[in-house]
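Enquirer: Single-letter residue listing:
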Amino acid sequence: MLNSPIDPIPLQAYLTLASLLFCIGVWGLINSRNAVRVLMSIELMLNAVNINLMAFSSFLDGDLIRGQVFAVFVITVAAAEAAVGLAILLSLYRNMITVDMESFNLLRW
Amino acid sequence: MTIAASTELICFLILGAVVVLGSIGVVLLTNIVYSAFLLGGVFMAVAGLYLLLNASFVAAAQVLVYVGAVNVLILFAIMLVNKKEELKPIKGLQLRKILSGAICLGLLSLLIRVDFTTPWNLPGPKAIGEDATERIGEHLFTDYLLPFELASVLLLMAMIGAIVLARRDVLIQDLDTEKAIDLPIIENGKEPLLIDKTSP
Amino acid sequence: MPETGALFLTNQSMTAPGELLGLALNAGAILPEGIILLAMLGTLLVDLAGQKAAAKWAPPICYIGLGTSLCLLALQWNGPLEPSFLGAFLADNLAVAFRAVIALSTLISLLISWRYAEQSGSPVGEYAAILLAATLGAMLLCGSTDLISVFVSLETLSVASYLLAGYMKRDARSSEAALKYLLVGSAAAAVFLYGASLLYGISGSTNLQEIGVALLTSPTPLAALALVFVLSTVAFKIAAVPFHQWTPDVYEGSPTPVVAFLSVGSKAAGFALAVRLLVGCFGAFDNQWKLLFTVLAVLSMTLGNVVALAQTSMKRMLAYSSIGQAGFVMIGLVCGTEDGYAAMVLYMAAYLFMNLGAFACIILFTIRTGSDRISDYAGLYQKDPLITLGLSLCLLSLGGIPPMLGFFGKIYLFFAGWADQQYLLVVVGLVTSVISIYYYISVIKMMVVKEPHEASEVVKAYPSIQWKTIGMQPLRAALVTCVLVTAVGGILSSPLFQWANSAVAGTPLLQEAIALTGERALG
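Chains as they are written, first to last, in this note's numbering: chain A, 1 to 109; chain B, 1 to 200; chain C, 1 to 523.
Simulated from the structure, these hints should not be mistaken for laboratory data.
A portion of the hints provided could be inaccurate.
DMTMM-like, lysine to aspartate or glutamate: derived pairs with alpha carbons at most 20 Å apart [as the list claims (entries may be wrong)]:
1. K290/C - E338/C
2. K383/C - E451/C
3. K445/C - E457/C
4. K383/C - E457/C
5. K126/B - E138/B
6. K91/B - D100/A
7. K91/B - D63/A
8. K290/C - E512/C
9. K88/B - D63/A
10. K290/C - E457/C
11. K383/C - E454/C
12. K88/B - D100/A
13. K97/B - D63/A
14. K126/B - D63/A
15. K126/B - E8/B
16. K290/C - E454/C
17. K97/B - E102/A
Remember, it's a predicted structure, so these values are computed and weren't measured experimentally.
Working from the sequences, and respecting the hints, build out all of it.
Expert: Next up, the structure:
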């Protein structure tokens, strides 16, 4: 159990996992050619942030758990963002018939 | 080490492995449908981590919202835009991948280094454990009331906006001049503004 | 007492549930936002009655809502400084000033958008509602003093901006701009959140003031990392180089009235966020963030103004010019003196009128001719003196030519920078101002100097001027107001100076920072 004398999983383990997930998300964000995959990479980054928040919340702020509330807000906003992102993607797909990021160059990038 | 502790450790290792391998799969697999399902797996594993952290409410929210809504939404989007397309090869793409990989590794080492060198305020206050859900509710209606209310506005607006953007019909008549608006846009710039929809 | 809520919750196990309801919420502080929310709901309701009803009733509802909101903001000026929502929001004078700038920019953007929306066949009711939601987010962002409020209001503004950027869904460029904006913006939000989570980890709190206190004694590497993450998001929001790549694309692709809002309202919110986070929270890392901001400001002024020289599209030119203008405003923030902050507020207010005036002229030209190219403005003075005059005055003001409003704003900024010994910034600012005058003047030259036979095809085929169609009268009103304020405001700028100074004087956050800087300079 948490905060017991022998804590099997240290805080750093969670933080490391979150860092890994965040960096994988960043790599995917830069290199994905499919716009849907870019959205997925952003979700990965947000999940990394949530792991961070939850870990801090239970290790350092166990009685007020503000990090958990923060995570709930992040989840809410991520859902709204995903919905809007997919609506925009759909409307772009109708015009361009592609989801390849490299072909979105009507505007000079 | 007690049985409880080692079980917890094993759970963490398994969930961590699922999260890392799954997310690598999400960004690397060529088939986007597999990526989407793997993403669902990552979300579930993250929910499992929350359970390990004694946060059952957020774990439930993670499953309901991320797996139940966001992931399904992404799958829908993939199905709606699933034209098979041959991606044009881009020069220097491989180099770009390697370079950005190196940058990400640098970022990763920086983040991990900071995670380990910082003296965190451990141990923190005693965890409230199963009362967490109640405490979240109290927070939402006291010091986080403003963001809570604002989030409702955000969701309403996102819903309306998504419907407006995704639906097909548009206003066909200019209300004032009663002219039919067939011109897609009023600014005719230098580029072809609207790709001809008749030719696929 | 911003930590009332937290303290209360700490002892909360001992108190009866009834006392939870007895806390002072001070919800009156967000009354202006409440009115805007009502206007937004009203717009949505009349929109249910159909397009015609929406086109008829949405404008007055928005005017009444924004007008009332501005009046209520005026009443909050120098009001009692009690944190509302248990430390999530603070209506100090700085917040009131920025919220007024944002509400006013929305009002003017709406005035100039009706005809444009109508002509491009976009649903008007939802457009107004989403713009009002963006305003709501931006205004709450200005006063937020808690990481969670900051995040949610920032996202309300951002998500609404993505939707607005893609509002002309039959135009591939608009959708493309929206998608790029969304992807870059969400990535920036994720980076901000990572920084915010580190801040929460250091301090165990989400209140900006408490985080600021915790940062005073916290380990440097972690705080520096959090600073970089948070600062990059702020720089993204105010479009500072090198976080500016989205700006030209989004500005060129989005509907022009939306660009008008993004270039003023969204940017003002970004600066308010910068003050809250950097001054309020990273006070202990004063030298570091000021150094970073100096670099950003120099890059923004140089790149923004130099690249603007090469543009052929009016909107794209204004996009780069707005990057340069953001660089000028950052001088005030870097100074950290009383004059610096006041100059920042003053320049934001001046920028509101001159930039929106320029956008009103561009929209009017676009509505009449359907063109956005700078070369198409050739010889315009003979066909349309109003646009020529208005655009010339606004561009001259943006370039900082006396006696326009922009001149006094810029002089005040440079004066504050010089007094604080930011010589590099001031010199770069002066040089790039001269460059900016060159490209502003070349547009004016294009409109005024050309002989009739040299006029562009578009101008030769210029339609007869008429103001009868729906939405043209508000557009004209907005145009004339902005141009008048820009032209006359310079001469009558003394009340504006006083206003900006009292905005700084009525903000405890800034006063503390100024006192701290002063102490450091002495000791």
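Enquirer: Next step is simple, just say for each hint if it's right about the structure.
Expert: Each hint, compared with the structure:
Among the hinted pairs, K290/C with E338/C is consistent with the structure: their alpha-carbon atoms are about 16 Å apart, no more than 20 Å. With a CA separation close to 12 Å, the supplied pair K383/C and E451/C stays within the 20 Å bound. Between K445/C and E457/C the alpha-carbon distance is near 17 Å, which keeps this suggested pair within the 20 Å criterion. The suggested pairing of K383/C with E457/C holds, with an alpha-carbon distance near 12 Å, which does not exceed 20 Å.
Only pairs whose Cα atoms come within 20 Å are accepted, and K126/B paired with E138/B is accepted, the gap being roughly 18 Å. The hinted pair formed by K91/B and D100/A meets the criterion: a straight-line CA distance of about 15 Å does not exceed 20 Å. Taking the CA atoms of K91/B and D63/A, the gap is near 54 Å; set against the 20 Å cutoff, the hint is violated. For the suggested pair K290/C and E512/C, the alpha carbons sit about 16 Å apart, so the restraint of at most 20 Å is met.
Between the alpha carbons of K88/B and D63/A the distance comes to roughly 54 Å, so the proposed pair goes past 20 Å and is violated. Simply put, K290/C and E457/C have alpha-carbon atoms about 50 Å apart, too far for the 20 Å limit, and the pair is violated. Taken as a hint, the K383/C and E454/C pair is honoured in the structure, with Cα atoms around 13 Å apart against an allowance of 20 Å. Between K88/B and D100/A, the direct Cα distance comes to roughly 9 Å. Compliance with the 20 Å bound is thereby established for this hinted pair.
For the proposed pair K97/B and D63/A, the alpha carbon gap of about 44 Å is over 20 Å, so the pair is violated. About 6 Å separates the Cα atoms of K126/B and D63/A, which keeps this hinted pair within 20 Å; it holds. Restraint check for K126/B and E8/B: the C-alpha separation of about 19 Å stays at or below 20 Å, so the hint holds. Of the pairs offered as hints, the one joining K290/C and E454/C is violated, with about 50 Å between alpha carbons and a cut-off of 20 Å exceeded.
Our distance criterion of 20 Å between C-alpha atoms is met by K97/B and E102/A, whose separation comes to about 14 Å.
Consistency with the previously given hints fails for numbers 7, 9, 10, 13 and 16, ordered from lowest to highest.
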